[in-house]
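Colleague: Now for the letters of each chain:
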Amino acid sequence: MQLDSILFYLFAVQILFSALMTITRRNIVYSAIWLISTLVGVAGIYLLQGAEFLAGVQIILYIGGITVLFLFVIMLVPVSEESKQRRFSSQLWVVLIVTVLLTGELGYFLWQGADSFQMGEPTPPAEIGTVTTNSEQIGQVLFSEYLLPFELASILLLVAMIGAVVMAKARPGAE
Amino acid sequence: MEEILDNPYLQPIIATLLIIAVFPLVAGYMVLAERKVLADLQVRLGPMRVGPYGFLQPLADAFKLMLKEDIIPAASDKWIFWGAPVLSTFTALTAFSVMPFSDKFYVADVNIGILFILAMSSLGILGLILGGWSSNSKYSLLGALRSAAQMVSYEVPLGFTTVTALMVAETLSMQGIVQSQLDKGVWIAFSNYGLMLVPAVVFFIAAVAETNRAPFDLPEAESEIVAGFHTEYSGFRWALFFLAEYASIFVICGIAVTVFFGGWLRPFANVGFLETPLNVVFPILLFVVIGAGCALGAARVTLAYEKAIMGVLALGMFLVAGLFAIPMINELIIGFFWFLFKVLIFIYVFIWVRGTFPRFRYDQLMQVGWKYLIPISMGGLIVNGIVLLFTS
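Going line by line, the protein sequences match chains A and B. Counting in the numbering used here, the first sequence runs from 1 upward without gaps. Counting in the numbering used here, the second sequence runs from 1 upward without gaps.
Since the hints were made in silico from the structure, they are not lab data. Please note that the accuracy of each hint is not assured.
Said to hold, decoys possible - Cross-link-like lysine-lysine pairs, in silico, DSBU-like; alpha carbons within 35 angstroms at most: (1) 184/B / 138/B; (2) 78/B / 68/B; (3) 371/B / 184/B; (4) 68/B / 169/A; (5) 169/A / 184/B; (6) 184/B / 64/B.
Since the structure is predicted, the reported quantities are computational estimates derived from the model, not experimental observations.
Based on the sequences and whatever the hints tell you, model everything.
Modeller: Right, dumping it as structure tokens:
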């Protein structure tokens with residue numbers, strides 16, 4: 001077996017297992033740690049696909065930014081209260097029906113489109129220095145083809161940031 | 001045999017093993033250097049007992065830490081308490097894998113080198129936070145929260161200044177950044193009509209904060225919160241945190257050197273007539289002077305084994321000086337020499353800063369980060385971008 005395939009299955013198992021652990025842990029900090037593991041696994045898959053830039057950004061943004069913020073929130077929430085509450089409701093029938101429906105739907109479309117799934121041909125490892133860098137490609141696409149969505153997204157973030165500043169700002173006279 | 005030698009993974013594996021094997025020792029001697037320099041700044045002698053002039057102190061410290069009882073607080077979260085120092089050390093050492101020690105000695109040259117290092121350092125923060133949280137102690141939690149807030153604040157100017165430098169270098173690969181400085185014939189810190197000096201200085205300040213060093217060492221401020229996030233740690237786990245801290249200092253100095261100060265290039269890399277004075281005479285002189293210092297030390301100490309150690313050190317230094325005189329070997333190690341030389345200068349400045357400035361108060365820390373460094377770094381980015389646009 002190729003090294004690539006072995007790594008792919010390792011990452012896949014890591015992602016699935018950690019995602020499962022994320023939603024089943026009672027302690028919210030444990031959930032956060034498993035979520036980090038999931039996101040690292042996704043970054044690993046990106047790396048395998050030759051999207052190094054995405055992998056780096058995935059780790060920096062998700063794991064660096066969001067998880068640090070996440071941990072902020074966690075530390076301010078008393079854990080003992082949180083872990084006593086039940087995480088799962090008992091609406092077993094609704095869940096079962098929805099799951100069966102979704103699985104059927106997904107299975108049907110997979111079966112319909114089975115032809116388009118092909119086992120990837122292993123590509124020979126590229127010579128060092130010959131690859132066009134992934135970051136350049138992303139930059140070019142972002143600033144030509146997807147310029148409008150890109151700018152819209154940044155305006156959205158700016159609005160959110162200004163909103164946060166306004167909300168956090170102490171109002172004169174308000175106690 | 002041929003097959004093994006031709007394997008593309010051979011050099012990375014050897015380099016990785018070397019780094020993992022050697023770095024703990026390097027970190028130990030960084031600690032010794034720090035204690036000696038601080039002692040010098042405070043007109044003391046520093047460690048003098050173990051070995052000549054305290055030369056064997058790091059070994060003694062390492063043995064002490066390994067033999068110490070491993071105390072895990074009863075109310076702590078065992079798994080996270082166990083894993084946090086491992087995570088810190090792991091990420092700090094992983095960042096070495098893209099460090100361009102020289103044009104010939106490096107583990108990997110990936111085209112997202114600098115992003116990878118930043119990613120690893122942001123993962124490393126989690127080690128501190130989790131360690132502080134899992135100790136189940138007020139001081140640890142306070143230290144962890146402080147480090148989280150501090151890292152989040154200072155990552156922003158660090159990122160902005162790095163991006164500014166990357167605009168000049170036009171690549172993300174660590175080797176490529178050095179190569180572009182060679183092509184341009186000027187270190188990035190001095191390029192763009194000297195405008196890049198501003199980001200370089202901001203980067204340095206943010207780097208000191210990012211590594212939790214004084215005057216930004218609030219996460220472990222002794223006078224306020226005992227030892228911060230590692231209050232409850234002892235023995236080998238504590239040593240791992242320490243190793244991670246020194247590894248990240250080395251890494252961030254390595255980034256500063258690579259991105260702003262020419263990596264493994266010698267000063268004035270394109271000026272031909274400086275080739276011999278800087279690449280041959282300077283290292284030889286440097287090591288001969290150090291060797292002479294060691295020889296002088298050997299004459300001054302009284303115990304026989306201390307004389308022997310100093311003598312061997314002096315001989316070693318002369319030997320290294322001799323290596324630089326052989327053209328073939330010189331060519332192999334000169335890049336490594338310049339990289340380490342610059343990194344060590346930066347580490348010295350880190351220690352110097354620690355010995356000079358008093359610790360910031362918490363609100364001052366936030367003020368420096370958000371009100372000064374971030375606007376300055378953003379301004380630097382825009383101004384440098386405009387200048388680049390009009391000159392290229």
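Colleague: For residue 169/A and residue 184/B, compute the direct alpha-carbon distance and say whether it is at most 35 angstroms.
Modeller: It is violated: about 47 angstroms lies between the C-alpha atoms, which goes past 35 angstroms.
Colleague: What's the verdict on residue 184/B and residue 64/B, does the C-alpha distance respect the 35 angstroms limit or exceed it?
Modeller: violated, 50 angstroms
Colleague: Are the Cα atoms of residue 184/B and residue 138/B separated by 35 angstroms or less?
Modeller: violated, 52 angstroms
Colleague: Can the restraint linking residue 78/B and residue 68/B be considered satisfied, given a maximum Cα separation of 35 angstroms?
Modeller: With a Cα-Cα distance of about 19 angstroms, the restraint between residue 78/B and residue 68/B holds, given a limit of 35 angstroms.
Colleague: Residue 68/B and residue 169/A were given as a pair; does the straight-line alpha-carbon distance stay at or below 35 angstroms?
Modeller: Roughly 50 angstroms between the alpha carbons, so the hint for residue 68/B and residue 169/A is violated.
Colleague: Does residue 184/B lie within 35 angstroms of residue 371/B when you go C-alpha to C-alpha?
Modeller: This hinted pair holds, its Cα atoms lying about 34 angstroms apart.
In the structure shown, a violation is registered for the earlier hints numbered 1, 4, 5, 6, in ascending order.
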